[in-house]
Amino acid sequence: MRYRKSLTKNYDLNEHDVDNLLFIKPMISRYKDEFIEDFTEKMKTFPLSEKQVAAMGSNIAKLGSWFDTLFDGNADNAYFAFVGKLGESLNKYKFEQEFITAMISFSRLWIHEKIFGLVDDEVRRKKILISMHKMMDINSEIILGSYYDKLVSSYNPVYSYRNKVVDISEKFSFFVHTLMVITLIGLTLTAGVAFLAETVHLFGKKPDHALITALGSLLIIWVLVELLHTEIQMIKGGKFKNSIFISVALIAFIRDLMIITLKHETTNVLQQGFILLAITVLGLVYWLIVRTENNN
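Residue numbering for the sequence shown follows our numbering, beginning at 1 and increasing consecutively.
Wrong hints could be hidden among the right ones.
Unchecked claim - Dumping the calculated DSS-like pairs for lysine-lysine here, alpha-carbon to alpha-carbon at most 25 Å:
1. K94 / K164
2. K94 / K9
3. K171 / K85
4. K62 / K44
5. K32 / K241
6. K92 / K51
7. K127 / K25
8. K25 / K92
9. K85 / K150
10. K62 / K94
11. K32 / K44
12. K25 / K9
13. K114 / K150
14. K171 / K150
15. K25 / K114
16. K9 / K92
17. K127 / K32
18. K32 / K114
19. K114 / K44
20. K171 / K127
21. K85 / K44
22. K92 / K42
23. K42 / K25
24. K32 / K62
25. K92 / K44
To be verified - Here are the simulated distance ranges between beta carbons:
26. V193 / Y148: 50 to 60 Å
27. K9 / I232: 13 to 23 Å
28. F172 / E96: 34 to 44 Å
29. Y148 / F23: 46 to 56 Å
30. K92 / E113: 23 to 33 Å
31. V193 / S105: 50 to 60 Å
32. S105 / V281: 26 to 36 Å
33. Q272 / T199: 22 to 32 Å
34. A81 / I60: 46 to 56 Å
35. F82 / P47: 25 to 35 Å
The hints are simulated quantities; they were obtained by calculation from the structure and are not laboratory data.
Even for Gly, the Cβ is constructed at its ideal location relative to N, Cα and C.
Go ahead and model the full structure; you've got the sequences and the hints to work with.
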């Protein structure tokens, strides 16, 4: 299965689209059996072999699962893998490309008509239909892409080996990201325990000393939480953000400045000036990167 994290960006599938799909799901889910029945009737208009008809009949539950998950808006790697396997199965049973595109078009029109009749508010209906068509476009690309991948690999062994290498690399990358998430969870828990122990230990010292030291420890925990959040988003298929590393460096300099200030040493004026300059530069770079990422 090819990595498809850019699909949501290409089709501009955003949080508002997910909300629209989740809004219509309870209403349209009641018609799942009707959709399967109409889909089966439409399928009979094509000259399918007995093997193909039997394959569709034995996998009809997958069609119902696809109908349910379509309106979840979960455009992540797990969903892409599920839809991709549908395309691979269609190639396995030698379905023609015309059959696939026709059934995708039928499903799109069927759902469109059903939503049109379920939602009275014209503005809300239009938004839901746009979101649905985005999701259907993504599904169509994945299904046809997987179908043609299998078709080409059956004629070109090199193409098949290339896909296997990509699949192995993606699985290894996922394994490494999982290890990093586990490691970050452990570090965050350890930092939290250390923060509590340090807070209790500082009760007997000066309040300002305890406050600044505690804030320094909290900054470390905040950095770990941000790194953990970034890793989780990448596993879910999100985009990598360079700003997280700038924020780590920025927090490190801020913590150093707090510690130097706590010591009240006059000999550290030059060092304080250097750290202030570094914080200013990093802050400007961080602002520019975050602004660019948000625009993208």
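(request) Kindly indicate which numbered hints from before are broken by the structure, ordering the numbers from low to high. (result) Violated: hints 2, 5, 8, 13, 16, 20, 29, 32, 34.
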